[in-house]
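**Student:** Here's the letter readout for the chains.
2 protein chains.
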Amino acid sequence: MAKETTKLRILSEGARIVYEKGYNNTGIQEILAAAEVPKGSFYFYFKSKEDFGLQLIDFYLDFSVSALTAHMSASDRDPIGRLRRFFLSMQDASEQKNFKGGCPIGNLTQEMADLKDTFRIKLNQAFARMSNLIADCLDQARDLNQIAAALNPHETADFILNSWEGALLRMKAQCSVQPLVVFDRMVFEGLLKP
Amino acid sequence: MAKETTKLRILSEGARIVYEKGYNNTGIQEILAAAEVPKGSFYFYFKSKEDFGLQLIDFYLDFSVSALTAHMSASDRDPIGRLRRFFLSMQDASEQKNFKGGCPIGNLTQEMADLKDTFRIKLNQAFARMSNLIADCLDQARDLNQIAAALNPHETADFILNSWEGALLRMKAQCSVQPLVVFDRMVFEGLLKP
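Line order of the protein sequences matches chains A and B. Residue numbering for the first sequence follows our numbering, starting at 913 and increasing by one per position. Residue numbering for the second sequence follows our numbering, starting at 913 and increasing by one per position.
By construction, these hints were calculated from the structure, which means they are not laboratory data. Among the hints, erroneous ones may be present.
One copy or any two copies: either way a pair holds, since identical chains are not told apart in the list.
[Unchecked claim] Under the rule of at most 20 Å between Cα atoms (straight-line distance), these lysine to aspartate or glutamate pairs were calculated in the DMTMM-like manner: (1) K959 to D1051; (2) K1009 to D1096; (3) K1028 to E1067; (4) K1105 to D963; (5) K951 to D988; (6) K933 to E962; (7) K1028 to D988; (8) K959 to D1096; (9) K1028 to D963.
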């Protein structure tokens, strides 16, 4: 197996298990068994479980960044429509998971941010990355007079991202799409209306 | 020690430890040691660890409900101002905890909602209770023409509560008050402005 394939397989199986059980409840043995690689392989690619956990944050982030940039690269002149479609695609994905799981980066934040500063800093960077992409979109919308000029793109992007995280948390309690529908309506038919 | 005092002491010490370490990582022995009561006492008051966990949700909820209703019972004609002061008082409380910990009910949701339906249902009821109190406040504000008539009080209350939960999550990643300040500004100077 090529090196990159092995590493990716460890990350991908690890991502699945950590998403289900949490970081602290996941053992390296379990990941290796699922990825079908010997123990030595793990320490060839990762210095420690912590190093693996930190790389896992990038792995999760790449999914969200790819999905968001894919939606953003549409060539229409409707940046807000693109952003809305991104969140609706995430809503579909949540529905397919029966409203379980939520956001892997949000979950790791809840579990690890207070416990390990290395994780907190990396998770903070991940949120900032997503928020900046949303802010870029709001900047474009403002240039096209599609949102109120009074809205600060960076603050608004932070608020939208945080509200989405909260909607995903409430979704887990409610086991229903309702919090995501309310998010969509309040943000795109209220907050962002010029 | 009176019965109710013993039970309350177990809940109060348990609440503190679970808030720090999570429900699954907290052992009954540890709670009993902190509360300084013998093991028999625990099973006198709680059928099981799960029964304790479910009663803990009520214990946490009582704090939030008391704080919210205390703010709401002010006799001025400014329901939105009262709601804003409630969230600002929660912001102060977060600052005193150095932006760690977050919302105990949000934390339990993240940890337990997908794992045990008994917890999920109880957590869902807790969120609904808080949301209904916020909706009552928005209803009063609407009667006084202090918010846009187009806002649905129940949906808006859900959105505000969920966005607050998300702001607390982001606060843990950022280790700063900024997400709570953004929440305050976007909700009270944007969303709820008539």
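**Student:** Are the hints correct? Go through all of them and say.
**Tutor:** How the hints compare with the structure:
no.: 1; hint: K959 to D1051; result: neither (40 Å within a copy, 56 Å between copies)
no.: 2; hint: K1009 to D1096; result: within (19 Å within a copy, 32 Å between copies)
no.: 3; hint: K1028 to E1067; result: neither (27 Å within a copy, 36 Å between copies)
no.: 4; hint: K1105 to D963; result: neither (43 Å within a copy, 46 Å between copies)
no.: 5; hint: K951 to D988; result: neither (49 Å within a copy, 66 Å between copies)
no.: 6; hint: K933 to E962; result: both (16 Å within a copy, 19 Å between copies)
no.: 7; hint: K1028 to D988; result: neither (43 Å within a copy, 45 Å between copies)
no.: 8; hint: K959 to D1096; result: neither (41 Å within a copy, 42 Å between copies)
no.: 9; hint: K1028 to D963; result: within (12 Å within a copy, 31 Å between copies)
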